[in-house]
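Q: Position chain C against the provided structure of chain P, taking the given hints into account.
Given next are the chains, with one letter for each unit.
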Amino acid sequence: MKLVKVTIDGIRTEAEDRTPLVQVAQKIGVKIPTLCHHPLVEPYGVCRICTVEVHMRGRVRLVTACNYPVTDGIEVFTQTDRVRRTRKLILEWLLARCGHVPLLNTLAAEYGITEPRFGRGDDTCILCGLCVRVCSDVVGAHALGFFNRGTTRYVGTPYDEPSDRCIACGACVEVCPTGCITMDDEVEQIRGELPLGPMTAIYIPTMQAVPHQPVIDYDSCIHFKTDACRVCAAVCEAKAIDHGQQDRREEIQVGSIIVATGFQPVDPQKVPQYGFGRYPNVVTALQVEHMVNASGPTNGQVLLKDGSRPQSVGIIHCVGSRDKNTHEYCSRVCCMYSLKLAHLVHERSGAKVYNFYIDMRSAGKGYEEFYNHLLEEGCEFIRGRVAEVSDWAVTPAEQGKLVIRVEDTLAGLVRRIPVDMVVLSTGLEAREDADEVRRLFNMSCSSEGWFLERHPKLAPVSTFTDGVFIAGCAQGPKDIPDTVAQAGAAAAEALALIDTGQVELEAYTAWIDEERCSGCQICVPLCPFSAIEFSREKKVSTLNEALCKGCGTCVAACPSHAAQQHHFTDAQIMTEIEGVLVR
Amino acid sequence: MAEKPKVAFYWCASCGGCEEAVVDLEEQILKVVDAVDIVLWPVALDFKRRDIEAMPDQSIAVAFINGGIRMSEQEEWVHMLRKKARIVVAFGACAHLGGIPGLANLADRRRIFDTVYREVPTQEGQPGTFPQESSEPDGNRLALPAFWDEVKALDQVIDVDYYLPGCAPPPKLIWGAIEAILTGALPPKGAVLSPNKACCDDCPRKDSKPDKIELTEIKRPATHVADPDLCFLAQGFVCLGPATRSGCGNPCIEGNMPCRGCMGPMDDVFDQGAKFLSAFASILAPKTEAEIDRLLDQIPDPVGTFYRFSLPKSLLHRRRPGATV
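Chains as they are written, first to last, in our numbering: chain P, 1002 to 1584; chain C, 930 to 1254.
Worth double-checking, as some hints may not be accurate.
[Stated by the list, open to error] Residues from chain C shown here face chain P by an in silico Cβ test under 7 angstroms; the list is partial:
| hint | residue |
| --- | --- |
| 1 | Asn1125 |
| 2 | Lys1126 |
| 3 | Ala1127 |
| 4 | Cys1129 |
| 5 | Asp1130 |
| 6 | Pro1133 |
| 7 | Lys1138 |
| 8 | Lys1141 |
| 9 | Pro1171 |
| 10 | Met1195 |
| 11 | Asp1197 |
| 12 | Val1198 |
| 13 | Phe1205 |
| 14 | Ser1207 |
| 15 | Arg1249 |
[Said to hold, decoys possible] In silico EDC-like links for lysine to aspartate or glutamate, alpha-carbon gap of 16 angstroms or less:
| hint | chain 1 | residue 1 | chain 2 | residue 2 |
| --- | --- | --- | --- | --- |
| 16 | C | Lys1135 | C | Asp1090 |
| 17 | C | Lys1216 | C | Asp1131 |
| 18 | P | Lys1032 | P | Glu1054 |
| 19 | P | Lys1540 | C | Asp1140 |
| 20 | P | Lys1540 | C | Asp1136 |
| 21 | P | Lys1341 | P | Glu1370 |
| 22 | C | Lys1141 | P | Glu1534 |
| 23 | C | Lys1135 | C | Asp1156 |
| 24 | C | Lys1101 | C | Asp953 |
| 25 | P | Lys1226 | P | Asp1165 |
| 26 | C | Lys935 | C | Asp986 |
| 27 | P | Lys1006 | P | Glu1017 |
| 28 | P | Lys1539 | C | Glu1065 |
| 29 | P | Lys1550 | P | Glu1507 |
| 30 | C | Lys1135 | P | Glu1017 |
| 31 | P | Lys1539 | C | Asp1136 |
| 32 | P | Lys1540 | C | Asp1131 |
| 33 | C | Lys977 | C | Glu1002 |
| 34 | C | Lys1012 | C | Asp1090 |
Since the hints were made in silico from the structure, they are not lab data. Each residue gets a CB set at the ideal place from its N, CA and C atoms; glycine is no exception.
So here's chain P without its partners, still in its complex pose (with noise of 0.2 angstroms):
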């Protein structure tokens, strides 16, 4: 690498040789007009707006600093009447295309421009081409390019038909310096929309991620459409984008395993009379959550869709829980959230909230304290199950509003609540693979879908597979004080395990007579540890007695006698119901 100096407007510094003079002013903080110009493309050299004077040797040149590479010894200029008298000669043309571009304007002004010499032109593509090098350079859809020459030029999609080759990433928009490009409006509105996921394709998937590090979205990531764009890894400084990186399955050998593989919330379309999905401000609490977020979509503001903000929220309990049609579980966690949106909306937007609850369970350290706050607060609360919401108005002050239809049960009668927006407390449920993770690790379900502890009281983390824990709303529905503090205990266990480096077997487990054992295989599906196995060379079942429960299934499924049970032989048995019946 060479370095060489270079003097801009009086302040002395060095560069790499050849560096666009453009890149060196920016870094020193000289400002140099641009249009055409934009990093992550090639320089064009075509708007001129950068001219300045260079001065080398005894030469003086006017240059334009985007595609000027540097050299040593040289001296610029940026301001000198010359550069400017030039500067505004083009801006006179520009203008005399694109009179009524405000940025062209707003660079006229500074350069003394009332009146354009040429007149102002009804145009508002300056042909600078930037979205035509996005497209082919960056993007690599090339669904855009130059037509016609001379005065007649303009930019456009080849015979002006709709190009299958976009994409719609909208980077024409973004770059294009005059905003001569827009979307479409449907293409605008899905943009516009809030999501609840990522925004881009590249993303950390949770600010508490581990490992802390982005991933990309194959599905999304313009890459792997047109293989191009690399954007990201261009502007990675610590260079530590890799395209090429490929899905790998990793085996690891561990001693033990801690299963937390949580919950999913229940799909308030399954509790259709709240009319989720039909009435775009029916909202879940998770949405809300994401809206009160300070770096989310919203910025922290509570809004409509419309983007207004609300007057009034409703905020409804018991979402798929505590409901035979749904989930007859209480959640344990949506009371307390609900609580802390009912804060959150009221502080952030002014809105009157209402709570609709069939018990308040506040039942936590500082929980029932909070509960008395928003009561103090102001927050209305309305004990009853809300029998459905819609925007049927039957005076004019429901009109335009959602109206919930709730039996009051303290106050004795059926009300109708107006709000503006209405938020579904949605509990917890089993993930929808929990039925194949359990068989994975030869746990049990309870009937709801939640894995099953050895023992509610004296084994909370342990499972019927020694060496497999669960931790969090895997096992059940809580919230994170509870999560956290069974976590540690099942990080315990887990330690405990290793630390010991062996395992204690219960003694009374099946064991298989390979002298006898037919290698029928009835035994083997029946297992539900997955403990026996058949040997294709022995052609006999094999039990792996480290993996045996004593369940005894095997031993009553074995037709002939070679599946056997420490402890509970045929023999014992029959003598054990010998001694019962000849008392």
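A: For chain C alone, coordinates are given in the frame of chain P:
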């Protein structure tokens, strides 16, 4: 010439197939005749009861007794043979487990007599004329053996030393037993003289057995033709092979018939039918009670299917006396 060991063959409630099995030894029977002195064989040789009664106790080396014990006369005979013989071998499935005659334990004496002497359309003479243990037609007193309410296996009546299983016992096993007795290379008392492994062990279709069998339909040889190469259970046929002792050489399987269980259970199994049922229940595909019932309704004769040869030796022995059929 030293005296040859004395051998007796006797038959009780049986079909005669076991006698046939002895003849199936073919030319080896000549070796048997060379080596032993047959003192009793009602099917082939003329000996009378008084001949045996006259023999000193323990003078017969071995008595092969086939058939279940159904009548008083059979019980008298086997008690006498037990006294005269040093070794008693229960020969064939009926002596071993009660056998096909043992299925009569689903009825009692009265029910059987009603059917045979009163109800069947082929009945001749005066319907309802039952055999009498003692009668005096034309002034002559006649006696018939008493007919009991149930059939018993041999070891439920007398002490048995060894068992030769099968319906009928395969000649290979018979010859093996005779050889062992002649040479004195006998296993411990009470042994079944056949390998203690289930039929699946040497089944020619063993490799076609899937990892997991799930029955959605039950087929019968009467209604379906089995694939000649695939595991019967996997095809939906009730095959008792997994619960049945091997040693038979799989003639049924070779003939494309599923195992019916004649060789009896493995050592230490109390109840062959129950043992098979608990395995069978675990391979039924349906999960609800109604679906399971619908599947099991496809077995028209469950006792005759699962206890075809072993009802008298099952834990229940017989239908409760007096129960309606």
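Q: Name the hints, by number, that the structure is in violation of.
A: The structure conflicts with hints 6, 15, 16, 17, 28 and 30, although it agrees with all the remaining ones.
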